[in-house]
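Take the given structure of chain A and dock chain B to it, following the hints.
First to last, the sequence lines map onto chains A and B. Residue numbering for the first sequence follows the numbering used here, beginning at 7 and increasing consecutively. Residue numbering for the second sequence follows the numbering used here, beginning at 767 and increasing consecutively.
Hints are computed from structural coordinates only; laboratory data are not their basis. Worth double-checking, as some hints may not be accurate.
What the hints assert, rightly or not - Some chain A residues judged to face chain B by a derived CB distance under 8 Å, without partners named:
(1) Phe141
(2) Val145
(3) Leu152
(4) Gly164
(5) Leu167
(6) Met174
(7) Leu179
(8) Val189
We put the beta carbon where it would ideally sit given N, CA and C, even for glycine.
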Amino acid sequence: MLFVQNFPFMTILLTLICAVVTSVLSGRNARRLTIMMLSVVTVMTAAVMVYTLSTGDSYVYMMGHFPAPWGNEIRVGVLETTMMMVFCVVILFSFLGGMLPSIREIERSKYNIYCILVDLLFLALQALVYTNDLFTAYVFIEINTLAAAGLVMMRQKGRNLVAGVRYMIMNLLGSSLFLFGIVLLYSITGHLLMENIRESVAVLVETGEYKVPLTIVVALITVGLALKSALYPFEKWLPGAYSNATPSVAAMLSSLVSKGYIFLLIKVYVRVIGFDVICSMGVLDVLFIFGLMGMIMGSVSAVRAKTTRMMVAYSSVAQIGYIFTALGLRSEIGIVCALWHMAAHAATKSMLFISCAEMDDACGGTHLRKNLRGAFYHSPLLALAFSLGAINLTGIPLLSVFMTKVTLVQAAIDVGGRHMGLVLGTVAISTLLNAVYFLGTAVNLFTPTKEGDEVLPPTVRKNRYTVVGLIGLIALNLVMGVLSQPILTALAEGLTRFA
Amino acid sequence: MQLLVNYEETAAIILFCIGFSTMMLHKNLIKKIIGMDMMDAAIFLFLASQGYIEGRKAPIVAGGVQSVEAYINPIPAGLVLTGIVVSVSVTALMLALAVRLYYRYHTLNLDEIIALAGKEEV
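Only chain A is shown next, with the shape it has when bound in the complex (with noise of 0.2 Å):
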C-alpha cells in the first residue's frame, strides 16, 4: 500500500485530534489550530485526489485490525476525493472568509467550542463523504446534526435558538427515518456494509423477495435525508437557520452539510440498492416532482424576501430541487448532474453568504435589499464576490452553473417524454426567477446612490481574512467554471466505479 492511501484515514483522525486538542485551548489559539488543520486536511485530501485521478482507481481501507464486517472500512475513489476536495476548500475559505463576524458576534470565552463544532462538522463530512458502512453513517449523520445545530446557536439571540431547536426537530425526525430505513435493511439482508447489501439486494431482487420491505426501506432512507437535506415541502427549517446564523456558518450549512445527505443518499441509490432497483420503485417520480416544486418556490420566496440573506437563503431550496430534479431523471447522466450541481453551488453559495453578510456590516449594518445601493463604490471586492455568485446562479455561460442547466436539459432531453416538458419549462422559468432576484440585487450594487440618499456609515472596518476567504472561493468558482467538462468527466467516471 502507498503511504497516500492513508491520507483519508489520517486526516479523519487529524480532525479528531484537532477537535479534542482545541477544547483546551483559548480561543485565538483554537482559531489558529483550526485553520492549521483544515490546510492541512486540504493539502493530504489534494494528495489523494491526484493519485484516484492518476490511477483511475479506488480502493477500501481497513480501520484498524480488524477486517469488515468486524471492524470498519472507508472506501476511497474519485468520486469521493473530488466532492471531498471542493468540500475541503469551501469549508476552509468559509472559516476564513467570515472569521471577523464570527469573532465579533461570538462571546470570546465560547470561541474554542465554535472552533470544536466546526472541527466536528467537518470530521463528520468526512466520515459521510469515506464511509462504507451503513450504521456507521448514521452515528455521523448524527454527529453533523449536533455540530450544525450547535454553530446554528452560537450567536446565543433569541432568533438562533429557535431556528436551532427547529433545525434539530427537523434533522432528527430525517434521521429517526434513515436508522429505521437501515434497521429494516439490516434486517432483510443481514448486513451493514454497502457491498455486501448489494450483494444480497441482488439475490432479493432476482428471486423477488421482500419487494414490500425493500420499498419501504428506500422510501424510508430518502425521505430522511430529503428532510435532513431541506428538499421542497421540508424546507421550513432552513430560512430561519441560514439567515440567523454567522457568516461562516451559514455558509458551511448550505455549501456542505446538505450536500453530505444528498451524497450519502447518492452513496445508497447507486453503491447499497443498485441505481437499476431504484428506477423500478417510482421513489424516483416523487423526488423528481419536489424536485421541480422546490425550483419555483424556492425562487418565489427568494424574490419576495427583504433582506439579502433570506433571499440567498430561499434561493438554496431552489438550487437543491435542481439537484433532486436531475437525480429524478433515472439516467446516469441525471446523477452526474446532480454531483456537479452539488460542488458547483456549494463554491458559489459559500461565496453568496460570506459577501453579503460583510456588505450588510460595509452599508451600516442594514439588512435589507434596498439598503444596498451603491455598494461597489465603498466595497468593491465584496459587489464583485457577491456580483460573481449572483451571476453564476442565474446560469451565464463560461460559469459553474451554466453547465448544471445545460446537463439537466441534456439528461432530460435524452430521457425524452413528459420529463423533458417538465424540466425545460421549469428549468426556464426558474431562471428567469433567478434573474428578478439575483440580477435585481446586483445591478443596484453597483447603480450610485442619488444626492439626498441616506448612506450609512460602515460599521465594521475592513480585514484580511475575508479579503482572502473571498479571493480563494472566487477563484474556486472560476477554475470550476473553466474546468467544468474535464472535472464533469472525473465525476462520470468515477461514477461508473463507484457501483
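Same frame as chain A, now just chain B:
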C-alpha cells in the same frame, strides 16, 4: 397472523408511529422530545428483536467458549448500545435547549416561542 408471530416488530412499528405523530403534532417541546425518544426506543426494540434467537443465551463467555450455535446474534445488541449513546446525547441537548427557551420566553409552546422570537430585532 404474521403480525402476532412477530409481535416484537409489530409493537416496535406501532411505537414508532406513536412517537412520530407525537413529534409532528404536539406543540409542546417536552412532548416533542418524548415523541423523539419513543421513535428511537421503537427502533432499538426492533433491532434487539432481530438479534434474539429462541433457546440461545447471551453472548457472554462463561465456563469456556461454546459453539457459535449456543449464542444469540451479538451485532444488533452492539448497534443498540451505540444508538442509545447517540440518542441520550441528542435528548440531553434538546432538553437543555427547552430549558433555555423556557427561561427566555416563559412557555414551552413552540408556536408561541416562534412568534415571540419573530418580534425580536434581527
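Each hint tested on the structure:
1. Phe141: holds (6 Å)
2. Val145: Given a least distance of 6 Å, the restraint on Val145(A) holds.
3. Leu152: holds (6 Å)
4. Gly164: Holds. Min distance 5 Å.
5. Leu167: Holds, because the Cβ-Cβ distance from Leu167(A) to chain B comes to roughly 6 Å (cut-off 8 Å).
6. Met174: holds (6 Å)
7. Leu179: With a minimum Cβ separation of about 6 Å from chain B (threshold 8 Å), the hint on Leu179(A) holds.
8. Val189: Result: holds, 5 Å to nearest chain B Cβ.
The structure is consistent with each of the numbered hints, conforming to all of them.
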